[in-house]
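Residues per chain, in single letters:
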Amino acid sequence: MQFDADVIVVGSGVLGSLAAHSLAAAGKAVIVLEAGPRVQRWQLVERFRNVADKSDSSRPYPDLAWAPKSSGGAYSDDYLENVGPLAYRPGMLKLVGGTTWNWRSACWRLLPNDMRLNTLYGIGRDWPIDYEVLEPWYARAERALGVCGNVGDDQSGHGGGPFPPRSQDYPLPMLPWSFYTRTIAAQLRAAGFGFCDEPSARASQPHAGRPACSGMNNCTPICPIGAQYSGDVHATLAEQSGAQLRENAVAFKLEHAGGKIVAVHYKSPDGRETRLCARAFVIAAHGIETPKLLLMSELANASDQVGRNLMDHTGIGLTLLARDALWPGQGPVQQGAMLHWRDGDFRRRHAALKHALGNSVANRPVAARLLAQGVIGPELDRRIRHDAARYVQVATSFETLPQPGNRVSLSDRKDALGLPKPRIFYDVDDYVRAGASVARQDHRRFAQILHADVIDDDSGWRNGDHIMGTTIMGADPRNSVVDGDCRTHDHENLFLATTGVMPAGGVVDPTLTGAALALRLADLIGRSV
Amino acid sequence: MIATVLVAASLVTVASSATAAASDPDEAAIVSRGRYLVTAANCAGCHTADPAQGFAGGVALKTPFGMLLGSNITPDRDTGIGTWSDEQFYRALHWGIGARGEHLYPVFPYDAYTKLRRADVLAIKAYLFSLPAIRHEIPPPRLGFPFDQRWLLGVWNLLNFREGELPVDESRGEAWNRGAYLVEALADCGACHTPHNLTLGPRSGAQFAGAMEGSWRAYNITTDPVGGIADWSNAELTAYLSTGVASHKAGAVGPMAAVVERSLSLLPAQDIADIVSYMRRVPGVRSRTQGQSRFSWGRLNNSVIDIRGDEDLAHPNGRTLYYGNCADCHGGNGGGTIDGAYPSLVHNTVVGASEANNLVMTMLVGVHRTTQGREHAMPAFGAVLSDAEIAALANYVLNAYGDPGIAHVDAAIVAAWRAEAQPTPALVSVFWFALGACCLVLVGGGLWWWRR
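Chains as they are written, first to last, in numbering that gives the first Met the number 0: chain A, 0 to 528; chain B, 0 to 451.
These are calculated hints, taken from the structure and not from any lab test. Errors might be hidden in some of the hints.
What the hints assert, rightly or not - Okay, derived cross-link-like pairs now, DMTMM-like style, lysine to aspartate or glutamate, Cα gap no bigger than 25 Å in a straight line: (1) A:Lys53 <-> B:Glu310; (2) A:Lys252 <-> A:Asp323; (3) A:Lys53 <-> B:Asp309; (4) A:Lys53 <-> B:Asp311; (5) B:Lys61 <-> B:Asp49; (6) A:Lys53 <-> B:Asp305.
Unchecked claim - Pulled from the structure, derived: some chain A residues nowhere near chain B, Cβ distances all over 10 Å: (7) Gln39; (8) Arg40; (9) Glu45; (10) Leu119; (11) Pro164; (12) Thr182; (13) Gln186; (14) Thr235; (15) Lys259; (16) Asp303; (17) Ala324; (18) Trp326; (19) Ile448; (20) Asp475; (21) Asn492.
As the list claims (entries may be wrong) - Part of the chain B face toward chain A, derived, beta carbon under 10 Å: (22) Val303; (23) Gly323; (24) Gly339; (25) Tyr341; (26) Ala376; (27) Ala379.
We treat Cβ as the ideally placed atom computed from N, Cα and C, and that holds for glycine.
Using the sequences provided together with the hints, build the complete structure.
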């Protein structure tokens with residue numbers, strides 16, 4: 000049999016590119032297929048500046064017939080077909096480097112208890128592997144992404160010593176907190192709330208060719224100087240290590256024979272089809288497109304779990320106008336969080352949750368609100384200055400549990416290449432709703448502590464952009480898609496590098512966990528192919 | 000030929016008189032002195048390619064002769080200098096003669112090191128011999144004719160080499176004399192900053208007047224008020240040499256950033272003061288191309304409003320490239336940050352130079368400089384932008400913040416600089432080729448005559 004490559008990786012986002020780089024650096028012949036185009040940072044920066052509507056952070060990114068994203072354009076606004084009670088429209092970009100072009104780069108680790116939910120609290124699912132297995136890969140992922148953080152924090156939210164356990168310090172020291180973060184953290188701590196630095200993939204000092212974060216507060220939609228990690232870093236490194244990257248190549252079918260995957264088929268924008276063979280395949284196409292590709296190919300699904308168990312960190316928001324000027328918007332858009340509901344026996348009764356303190360420049364929402372109230376002229380200027388200095392945003396996100404009914408499936412509607420669009424059903428359950436009422440009690444306390452007027456405490460459910468569960472990991476092939484190595488139960492040479500494999504995601508952003516899993520599976524493939 | 004004989008003859012003299020001075024009771028003090036001298040001379044610049052393998056050689060040195068590799072100067076007996084006697088070591092630094100009696104290429108600046116005091120040369124050896132021996136074979140240089148003819152270096156020496164320790168000038172102060180020793184003998188600032196003559200030796204009457212170093216420009220550092228550094232304050236010169244930055248004026252880039260990082264920033268403050276006091280009395284040489292001081296060009300200039308909503312990102316012009324790639328650090332108006340952490344492009348000595356080399360090279364390879372434990376970095380844009388885009392961007396920056404008179408960089412120039420392709424000037428090649436050919440003819444003719 001003729002092989003086009005040792006390994007083919009579908010998707011050039013952070014996880015696919017990490018795997019591709021790792022394999023290419025180990026001397027493997029690697030081809031990476033990317034549905035979207037290659038775009039330079041400066042082009043995205045200028046697109047962002049030129050678009051009038053800054054409210055949709057996906058707007059500056061490519062909106063293409065063959066590579067639609069989850070919103071922001073003629074091809075993208077109706078790409079995801081939502082049929083459930085909640086419109087699920089998580090950030091999803093298609094271009095070389097993937098969705099981490101537009102993220103806040105939070106790089107938390109899971110807690111050991113997050114991976115043993117069922118055993119400890121009788122809810123959800125356990126991971127088939129332990130934290131100890133993942134720990135060295137977390138350390139490698141932190142080095143790869145250049146994560147800065149405070150090694151002394153108890154990230155379990157219990158106010159104890161450093162936790163979770165780690166074999167190595169953060170590769171970069173934590174970024175200094177802005178006046179806003181410092182002031183609010185001090186006031187919350189004085190009232191008995193813990194406040195913890197958020198580890199992030201931002202270069203707090205020059206790192207691996209990236210300049211230090213200069214605090215432009217433009218982390219989303221795009222870090223203009225590349226101080227914040229984005230997947231293109233490892234896409235480029237993979238290419239430099241010999242991987243071949245094919246852009247505008249939309250994988251639409253995996254072909255199997257005798258239990259193994261033998262080929263992947265992709266379409267070019269003009270509809271032309273190409274077939275490539277390899278010894279192993281890594282699907283790293285994000286939590287929605289990965290199950291979609293498996294469903295279209297009708298494989299890896301003996302368990303009927305592909306696309307099911309869609310989880311997110313669905314959240315609610317709180318917006319306050321503090322008494323004192325706090326000047327949000329200096330430094331990164333998010334610097335810390337309150338984690339007192341991150342882990343504990345309460346998880347038997349309600350969802351764990353995290354309150355993240357937003358630190359975005361507030362002029363746009365402040366001005367929109369004032370204009371809606373009819374404020375104009377010099378008074379508008381005065382009020383923008385006044386309110387924007389006091390605008391406090393808290394994003395509270397909840398742990399969700401795998402529910403088979405929350406799912407990605409194939410829509411009857413077709414995209415420009417004739418491929419089915421994703422159909423999504425998503426709802427929150429009583430476990431999350433119970434968590435939300437606990438969160439709202441906290442919200443009232445925050446308003447009191449900051450002597451703040453509440454602008455909005457009824458935001459409705461918000462997408463967390465953290466797609467998990469759709470290709471769920473488990474020890475039992477009857478109820479899960481991949482094993483603890485991210486290898487599909489049904490096909491020994493098919494691996495999934497996506498946060499979609501996570502059977503439980505706690506309350507923290509899953510990218511670092513996905514990165515650790517991607518590096519681990521690449522190492523495994525590298526030793527066997 | 001005559002020169003070689005003379006050199007060999009004097010070596011015998013020096014050798015016979017030297018052995019007595021070698022031993023010193025305070026070996027540690029000598030090693031410590033040697034370590035300081037090695038830092039001041041930045042030996043690592045050519046002899047350390049991998050910081051984990053100090054002085055094991057391998058740095059690629061692009062010269063007008065061709066490519067050479069820095070040699071292994073660790074005490075390894077097979078691949079380093081472990082078998083060298085004091086005399087052999089002294090002969091190399093003082094005379095430019097290798098252990099087997101061969102001429103060393105002057106890319107090893109023995110024309111400066113000849114000015115070192117003998118005790119200092121031996122201190123350098125003592126320090127190097129105190130380091131771990133690292134086995135690292137450096138292949139011999141392979142240069143094209145006529146530069147592969149080492150004996151021709153005898154001619155070079157005759158024309159350009161003046162043997163002898165630096166004399167102390169009693170009429171000048173101590174600071175000046177210490178500065179002279181640092182500048183002329185150790186740091187050898189002239190190696191980069193003094194232009195070459197036809198024979199690739201230092202051009203007379205033009206010391207420190209500015210020269211090319213690969214694709215980079217080593218600027219005029221004479222006391223000329225327009226071309227040089229006369230209008231820099233002592234504080235600015237001191238800050239620049241010891242940290243790489245003279246705030247709101249200049250930042251060291253390229254090879255100079257490496258010199259500051261590896262050598263100057265590690266020297267005692269007194270040394271920097273001595274260097275400054277010496278450089279203050281260097282005769283001024285006017286740069287022909289420099290109409291006004293490098294730090295006097297440009298003004299704050301913000302044209303971002305002109306482009307919003309009207310950009311062609313597929314065919315960007317220089318202004319679009321500036322706002323997309325540069326403005327986030329250097330400011331929409333070119334003013335940088337107030338604290339100078341991100342430098343202003345206005346009144347900036349790189350942007351305002353009369354050659355675009357360092358501006359373009361900085362865009363291509365970025366800035367990496369760590370001094371006093373603090374790293375300064377600018378990302379490299381060479382992999383992001385094409386030659387034509389770099390050229391357009393450079394011309395925009397030159398028009399907005401530099402000398403508009405040189406804003407005609409094109410893609411071909413950028414490509415050449417990117418490749419660090421500095422062709423040997425045609426006249427230089429012709430001179431040496433002709434010299435080599437003449438000598439061969441003379442020798443051949445002599446042999447023929449003798450046999451007859």
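For each hint, the structure was consulted:
A hinted pair counts as satisfied when its Cα atoms are at most 25 Å apart, and Lys53 of chain A with Glu310 of chain B qualifies at roughly 18 Å. Note on Lys252 of chain A and Asp323 of chain A: the hinted pairing is violated, with a Cα-Cα distance of about 57 Å set against a maximum of 25 Å. A hinted pair counts as satisfied when its Cα atoms are at most 25 Å apart, and Lys53 of chain A with Asp309 of chain B qualifies at roughly 17 Å. In summary, the hint linking Lys53 of chain A to Asp311 of chain B is supported, as the alpha carbons are separated by about 20 Å, within the 25 Å threshold.
Of the supplied pair hints, the one linking Lys61 of chain B and Asp49 of chain B holds, its CA atoms being roughly 18 Å apart against a limit of 25 Å. Under the criterion of a C-alpha separation no larger than 25 Å, the hint pairing Lys53 of chain A with Asp305 of chain B is consistent with the structure, at around 20 Å. Some Cβ of chain B comes within 10 Å of the Cβ of Gln39 of chain A; the nearest lies about 6 Å off, and the non-interface call is violated. The beta carbon of Arg40 of chain A sits about 7 Å from the closest Cβ of chain B, which is not more than 10 Å, so the claim that it is off the interface is violated.
Against chain B, the non-interface label of Glu45 of chain A is violated: not every CB pair exceeds 10 Å, the least being about 4 Å. With a least beta-carbon separation of about 44 Å from chain B, Leu119 of chain A lies farther than 10 Å from that chain, consistent with its non-interface assignment. The beta carbon of Pro164 of chain A sits about 30 Å from the closest Cβ of chain B, which is more than 10 Å, so the claim that it is off the interface holds. Even its closest Cβ contact with chain B, about 23 Å, leaves Thr182 of chain A beyond 10 Å, as expected for a residue assigned away from the interface.
At roughly 29 Å, the least C-beta separation between Gln186 of chain A and chain B is larger than 10 Å, which holds for a residue marked as non-interface. Not every C-beta of chain B lies more than 10 Å from that of Thr235 of chain A, the closest at about 7 Å, which undercuts listing it as non-interface. At the 10 Å boundary, the C-beta of Lys259 of chain A stays outside the reach of chain B, the nearest C-beta of that chain being 37 Å off. No Cβ of chain B approaches the Cβ of Asp303 of chain A within 10 Å, the least distance being about 45 Å, so the stated non-interface status holds.
With 10 Å as the threshold on Cβ separation, the claim that Ala324 of chain A sits away from chain B holds: the shortest Cβ distance comes to roughly 21 Å. The beta carbon of Trp326 of chain A is kept farther than 10 Å from every beta carbon of chain B, the shortest such distance being approximately 17 Å. For Ile448 of chain A, the condition that its CB be more than 10 Å from all CB atoms of chain B holds, with the nearest at approximately 34 Å. The claim that Asp475 of chain A lies off the interface holds: its Cβ sits roughly 47 Å from the closest Cβ of chain B, which is beyond the 10 Å cut-off.
Once the 10 Å rule is applied to beta carbons, Asn492 of chain A is consistent with being away from chain B; the minimum gap is 33 Å. Contact between Val303 of chain B and chain A, as hinted, is supported at the beta carbon level, the nearest pair being about 8 Å apart and thus within 10 Å. Residue-level restraint check for Gly323 of chain B holds (minimum Cβ-Cβ distance to chain A is 3 Å; threshold 10 Å). Of the supplied interface hints, the one on Gly339 of chain B is violated, with its beta-carbon coming no nearer than about 13 Å to a beta-carbon of chain A, more than 10 Å.
Among the interface hints, the one on Tyr341 of chain B holds; its C-beta lies about 7 Å from the nearest C-beta in chain A, closer than the 10 Å criterion. Below 10 Å, beta-carbon pairs count as interface contacts, and Ala376 of chain B has one with chain A at about 3 Å; its hint therefore holds. For Ala379 of chain B, the shortest C-beta to C-beta distance to chain A is roughly 7 Å, which falls under 10 Å, so the interface hint holds.
Hints 2, 7, 8, 9, 14, 24 from the list above are not met by this structure, while the remaining hints are.
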